[in-house]
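Generate the whole structure from the sequences, applying the supplied hints.
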Amino acid sequence: MWAYVLRRLLVTIPTVLAVVTLCYMLLHLTPGGPFDAEMKVSDAVLANLQAKYHLDQPLWKQYLYYLDSLLHGDLGASFRYADWSVNDLVARALPVSLVIGGTGLVIAVLAGIALGIVAALRQNTVVDYVVMLLANIGSVLPSFVLGPVLVLVFAITLPWLPSGGWDDFAPRYMVLPIALLTLINVAIIGRIMRGSLIEVMSSNFIRTARAKGLPMRVVVLRHALRPALLPVVSVIGPLAISSITSAIVTESWFSLPGLGKLIVNGASDRDYTLVLGLVVLVTVMAVLLNLIVDLAYAWLDPKIRY
Amino acid sequence: MTSSYTAARLTKARPEPTAMTLRRLSFSSLVLGVFAATAHAASIPPGTPLAAKQEMVRNNGAEPESLDPALTESVNAAEIERDLFEGLTATDHHGNAVPGVAESWKQTAPDTWVFKLRRNATWTNGQPVTADDFVYAWRRFMDPKTAAKLAATFSVYLANGAEVVAGKKPPTELGVRAIDKQTLEVRSAGPVPFLPDVFASAQFAPVSKAVVDRLGKDWTKPGNLVGNGAYVLKDWQVNSKVVVEKNPGYWDAANVQLTRVTYFCVEDGNADLKLYQSGEEDYMQQLPPGVYTSLKAQYPREMHNSALLGLRFYALNNADPLLKDVRVRKALSMVIDRDILASKVTADGQAPLYGLAVKGLAAIQQTRYDWADWPMDKRVAEARKLLAEAGVKPGTRVKFTYNNSDYHKKMAIFAASEWKTKLGLDTDMDSLEFKVLIRKRHDGDFQIARHGWVATFNDATIFLTLLQCASDANDDRSCNKAADALIAQGNASTDPARRTALLTQAAKLAMDDYPMIPLLQYSVPRLVKPWIGGYDDANPLDRYRSKDFYILKH
Chain Y
1 MWAYVLRRLL
11 VTIPTVLAVV
21 TLCYMLLHLT
31 PGGPFDAEMK
41 VSDAVLANLQ
51 AKYHLDQPLW
61 KQYLYYLDSL
71 LHGDLGASFR
81 YADWSVNDLV
91 ARALPVSLVI
101 GGTGLVIAVL
111 AGIALGIVAA
121 LRQNTVVDYV
131 VMLLANIGSV
141 LPSFVLGPVL
151 VLVFAITLPW
161 LPSGGWDDFA
171 PRYMVLPIAL
181 LTLINVAIIG
191 RIMRGSLIEV
201 MSSNFIRTAR
211 AKGLPMRVVV
221 LRHALRPALL
231 PVVSVIGPLA
241 ISSITSAIVT
251 ESWFSLPGLG
261 KLIVNGASDR
271 DYTLVLGLVV
281 LVTVMAVLLN
291 LIVDLAYAWL
301 DPKIRY
Chain F
1 MTSSYTAARL
11 TKARPEPTAM
21 TLRRLSFSSL
31 VLGVFAATAH
41 AASIPPGTPL
51 AAKQEMVRNN
61 GAEPESLDPA
71 LTESVNAAEI
81 ERDLFEGLTA
91 TDHHGNAVPG
101 VAESWKQTAP
111 DTWVFKLRRN
121 ATWTNGQPVT
131 ADDFVYAWRR
141 FMDPKTAAKL
151 AATFSVYLAN
161 GAEVVAGKKP
171 PTELGVRAID
181 KQTLEVRSAG
191 PVPFLPDVFA
201 SAQFAPVSKA
211 VVDRLGKDWT
221 KPGNLVGNGA
231 YVLKDWQVNS
241 KVVVEKNPGY
251 WDAANVQLTR
261 VTYFCVEDGN
271 ADLKLYQSGE
281 EDYMQQLPPG
291 VYTSLKAQYP
301 REMHNSALLG
311 LRFYALNNAD
321 PLLKDVRVRK
331 ALSMVIDRDI
341 LASKVTADGQ
351 APLYGLAVKG
361 LAAIQQTRYD
371 WADWPMDKRV
381 AEARKLLAEA
391 GVKPGTRVKF
401 TYNNSDYHKK
411 MAIFAASEWK
421 TKLGLDTDMD
431 SLEFKVLIRK
441 RHDGDFQIAR
451 HGWVATFNDA
461 TIFLTLLQCA
471 SDANDDRSCN
481 KAADALIAQG
491 NASTDPARRT
501 ALLTQAAKLA
511 MDDYPMIPLL
521 QYSVPRLVKP
531 WIGGYDDANP
541 LDRYRSKDFY
551 ILKH
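Sequences listed follow chains Y and F, in order.
Note that the numbering used here numbers the first sequence so that position 179 is 179, with each residue one more than the last.
Note that the numbering used here numbers the second sequence so that position 344 is 344, with each residue one more than the last.
Hints were generated in silico from the structure; no laboratory data involved.
The reader is advised that the hints may include incorrect statements.
Stated by the list, open to error - Calculated Cβ distances over 12 Å to all of chain Y for the following chain F residues: (1) Arg177; (2) Arg187; (3) Met429; (4) Ala482; (5) Lys529.
Claimed, not checked - Only pairs whose alpha carbons sit at most 16 Å apart, straight line, appear in this in silico EDC-like list of lysine to aspartate or glutamate: (6) F:Lys169 / F:Asp143; (7) Y:Lys52 / F:Asp143; (8) F:Lys145 / Y:Asp56; (9) F:Lys234 / Y:Asp168; (10) F:Lys209 / F:Glu302; (11) F:Lys168 / Y:Asp43; (12) F:Lys234 / F:Glu245; (13) F:Lys440 / F:Asp325; (14) F:Lys410 / F:Asp428; (15) F:Lys422 / F:Asp337; (16) F:Lys221 / Y:Asp88; (17) F:Lys393 / F:Asp325; (18) F:Lys529 / F:Glu280; (19) F:Lys221 / F:Asp235; (20) F:Lys217 / Y:Asp168; (21) F:Lys409 / F:Glu433; (22) F:Lys385 / F:Asp325; (23) F:Lys399 / F:Asp445; (24) F:Lys399 / F:Asp426; (25) F:Lys234 / Y:Asp167; (26) F:Lys145 / Y:Asp43; (27) F:Lys246 / F:Glu55; (28) F:Lys221 / F:Glu245; (29) F:Lys234 / F:Asp218.
Unchecked claim - Taking beta-carbon pairs under 8 Å as the criterion, some of the chain Y residues facing chain F (in silico): (30) Pro31; (31) Leu49; (32) Pro159; (33) Trp253; (34) Pro257.
Beta carbons are placed, not taken as given, at the ideal position from N, Cα and C, and that holds for glycine.
Given below as structure tokens:
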């Protein structure tokens with residue numbers, strides 16, 4: 001298995017290189033540049049700026065220059081945030097996104113699985129209908145609707161929590177954003193878990209287990225749960241990435257200084273280095289999360305061996 | 001402004017009067033000006049009860065791109081820097097230049113000014129602020145190596161400024177020198193009567209050479225930043241907030257009330273409003289579009305709406321085959337009903353405009369097209385006649401380009417409907433991302449495009465650059481040589497009345513060519529908590545130093 005892990009990790013390198021190259025070209029093809037402002041910058045100033053950021057070099061040279069910095073762990077200087085390097089910015093934004101997105105996801109996974117199990121075992125009863133109704137509401141309401149509702153109720157009507165902002169990981173600022181991310185994800189996970197468990201519960205080996213007279217608790221927890229979790233695990237990878245790196249609506253609505261905010265500002269300000277840095281980060285995270293998901297498959301399903 | 005965030009927000013205009021031709025005058029023709037004044041700080045009416053806790057939270061509207069004065073470009077960063085640094089002059093709540101580090105100044109020749117620095121001005125590390133600090137900071141600002149975005153914009157005011165920015169002369173040639181520790185001599189590139197206003201810009205703040213040399217790029221970080229303003233930098237969380245605290249060593253500290261100010265960096269207007277309503281902030285940046293009327297009724301005491309020295313207009317490509325005919329441009333401008341636009345479409349307290357100069361702008365008088373007072377039927381009949389003369393038939397298509405935001409879209413739909421119903425012209429709407437619009441407009445790849453311009457200091461030249469032939473700010477590609485000559489004459493004059501008359505005449509002459517469609521004067525609708533003292537509704541530059549605020553007992 002370790003050889004498999006090593007092989008997968010090595011594949012990360014060409015993946016990142018391919019993504020960076022493609023993104024680099026796309027960024028430079030996009031109309032508008034980092035120094036375009038309502039007032040046109042004069043030719044002299046533009047020349048000074050381009051020299052400062054090596055943009056006066058041929059594109060291939062800039063690209064090699066960037067790759068060289070990347071190899072040394074330097075994501076470059078930001079155009080938009082002139083006083084900070086991309087490394088600084090990522091180092092400050094990543095923990096915010098990890099805590100908010102990570103906590104939201106963990107709660108959503110646990111709650112989603114629990115609700116899915118309850119709904120599946122009480123299939124076509126009132127319990128099932130209520131749980132699924134809530135889950136469906138959660139999945140049809142986008143975050144830009146749920147967010148304002150949460151704020152209206154818990155920050156403005158009942159002034160219990162701040163309506164937004166951030167203060168060095170103070171819990172009161174994290175409650176509503178985490179709640180929002182949880183509500184969105186729990187619906188998805190709950191529905192998948194329900195469907196999967198219903199299918200597993202009707203399979204032959206469960207019938208065998210029940211025929212042996214095992215109590216329902218043992219049948220579900222020991223025999224049905226692991227195979228039923230496979231589809232859930234499949235969606236956790238993409239959900240984790242979207243919760244951590246692209247919670248753009250959540251971050252904008254709650255004014256959080258996370259990665260989503262950097263991605264939006266980086267793209268709209270044509271901050272080439274910032275966008276590339278974030279793309280590298282997201283790519284690496286995607287590869288790692290996919291690897292973890294694949295390893296989790298092997299743990300959940302004895303038939304899978306690497 | 002990047003449209004993806006909000007619509008009504010101000011465009012961060014960067015006026016650049018590069019085309020200003022300045023002629024030197026003989027010394028004898030000059031009226032020497034001397035200015036000296038006492039400190040201006042929070043003017044608190046006697047007997048006003050103040051709160052024990054003097055802390056304020058203001059939303060600043062965007063993350064500052066830098067806290068280094070030289071690298072500053074946006075109004076958002078400049079607002080914070082005016083708390084952390086103090087230039088020779090500062091801007092008060094009415095947009096006037098008042099003494100900062102300079103306690104007095106004198107114009108000793110048409111192009112020479114001498115500023116006397118106060119002896120008790122110090123850096124936050126205890127060192128005195130000297131004339132050399134200004135010399136260093138300004139040379140650094142103009143130095144091509146610094147690559148300051150606004151260097152060229154401001155370089156035109158200083159002798160050798162443009163040459164230094166272009167790398168043709170060394171920074172040491174810049175027209176500024178320290179006569180002694182407390183005396184700074186500035187040579188301008190011709191007479192610049194508003195020079196003290198220019199020096200209130202954040203970019204002209206002094207900078208400590210020792211600190212910059214020692215810390216490099218990290219010198220603006222909390223704990224490192226050494227400033228000379230009324231406040232010191234305590235905390236800076238990128239994309240979240242900047243916190244400043246009162247500087248006890250500031251020369252005017254006795255008149256500074258607020259002990260702590262938190263600047264939020266919230267761009268989204270709805271998020272801003274919600275933070276205000278839930279009590280997280282005392283002062284919002286700007287209302288999101290579409291809520292002004294209802295919120296004004298809901299918060300009558302807290303709603304403010306200052307007129308700003310800013311012009312909302314549509315740029316016309318004067319080189320376009322269809323629009324190169326002045327009759328077509330005039331017709332397009334005539335039929336847009338600014339009153340309905342202001343009262344029903346934007347409905348946020350902005351004033352209709354029929355000329356270049358906005359209300360309150362110095363060194364110019366407002367002009368107004370004569371047809372502005374005609375009944376609309378007469379305007380439409382005249383416009384139709386003009387189009388017919390120009391050979392433009394109903395059904396002709398025009399292309400309107402704007403950046404994708406609901407606010408601009410609403411205005412664009414209104415304009416298109418005016419052209420359709422009154423002139424029979426069809427409009428193709430081209431909604432683009434902000435940076436793409438900007439590039440297209442600068443490159444002349446448009447027919448009609450959304451535009452906006454906001455003054456960085458109060459002088460007519462800021463807006464006249466939009467019309468001058470060789471100006472980088474002239475996206476319209478219009479050119480009226482006679483108007484340019486009048487502007488040059490006006491700027492060379494040391495008689496303020498004559499200068500105003502010439503600049504007014506120039507604006508009228510150029511605007512009679514219909515290079516653009518002026519629409520509205522910007523205003524800043526915002527909510528401010530009733531316990532914030534020092535807020536002023538007559539603040540045409542919308543600049544607020546925190547030292548001018550205080551918290552009333554509540």
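Hints, one by one, checked against the model:
1. Arg177: Given that every Cβ of chain Y is farther than 12 Å from that of arginine 177 (chain F), nearest at about 23 Å, it holds.
2. Arg187: Per Cβ check, arginine 187 (chain F) is outside 12 Å of chain Y; nearest 20 Å; holds.
3. Met429: 18 Å, holds
4. Ala482: Given that every Cβ of chain Y is farther than 12 Å from that of alanine 482 (chain F), nearest at about 25 Å, it holds.
5. Lys529: At roughly 15 Å from the nearest Cβ of chain Y, lysine 529 (chain F) sits farther out than 12 Å, so the non-interface label holds.
6. F:Lys169 / F:Asp143: 10 Å, holds
7. Y:Lys52 / F:Asp143: Distance of about 12 Å is within 16 Å: holds.
8. F:Lys145 / Y:Asp56: It holds: about 14 Å lies between the C-alpha atoms, which stays within 16 Å.
9. F:Lys234 / Y:Asp168: 14 Å, holds
10. F:Lys209 / F:Glu302: This hinted pair is violated, its Cα atoms lying about 43 Å apart.
11. F:Lys168 / Y:Asp43: Holds, at about 13 Å.
12. F:Lys234 / F:Glu245: With a Cα-Cα distance of about 6 Å, the restraint between lysine 234 (chain F) and glutamate 245 (chain F) holds, given a limit of 16 Å.
13. F:Lys440 / F:Asp325: Cα-Cα ~21 Å, so violated.
14. F:Lys410 / F:Asp428: 14 Å, holds
15. F:Lys422 / F:Asp337: It holds: about 11 Å lies between the C-alpha atoms, which stays within 16 Å.
16. F:Lys221 / Y:Asp88: OK: lysine 221 (chain F) and aspartate 88 (chain Y) at ~12 Å, within 16 Å.
17. F:Lys393 / F:Asp325: Holds, at about 14 Å.
18. F:Lys529 / F:Glu280: 11 Å, holds
19. F:Lys221 / F:Asp235: Given that 16 Å is the threshold and the Cα spacing comes to 8 Å, the pair holds.
20. F:Lys217 / Y:Asp168: Judged against 16 Å, a Cα distance of about 24 Å means the pair is violated.
21. F:Lys409 / F:Glu433: 12 Å, holds
22. F:Lys385 / F:Asp325: The given pair, whose Cα atoms are some 14 Å apart, holds under the 16 Å limit.
23. F:Lys399 / F:Asp445: 11 Å, holds
24. F:Lys399 / F:Asp426: Judged against 16 Å, a Cα distance of about 9 Å means the pair holds.
25. F:Lys234 / Y:Asp167: Distance ~14 Å between lysine 234 (chain F) and aspartate 167 (chain Y) Cα, so the pair holds.
26. F:Lys145 / Y:Asp43: 15 Å, holds
27. F:Lys246 / F:Glu55: Between lysine 246 (chain F) and glutamate 55 (chain F) the Cα gap is close to 10 Å, so the pair holds against 16 Å.
28. F:Lys221 / F:Glu245: Holds. Lysine 221 (chain F) to glutamate 245 (chain F) sits at ~15 Å (cutoff 16 Å).
29. F:Lys234 / F:Asp218: Since the Cα atoms of lysine 234 (chain F) and aspartate 218 (chain F) sit roughly 15 Å apart, the hinted pair holds (cutoff 16 Å).
30. Pro31: For proline 31 (chain Y), the interface hint holds, since the closest Cβ of chain F sits about 5 Å away, which is under 8 Å.
31. Leu49: 5 Å, holds
32. Pro159: 6 Å, holds
33. Trp253: 6 Å, holds
34. Pro257: 4 Å, holds
When the structure is compared with the earlier hints, violations turn up for hints 10, 13 and 20 and for no others.
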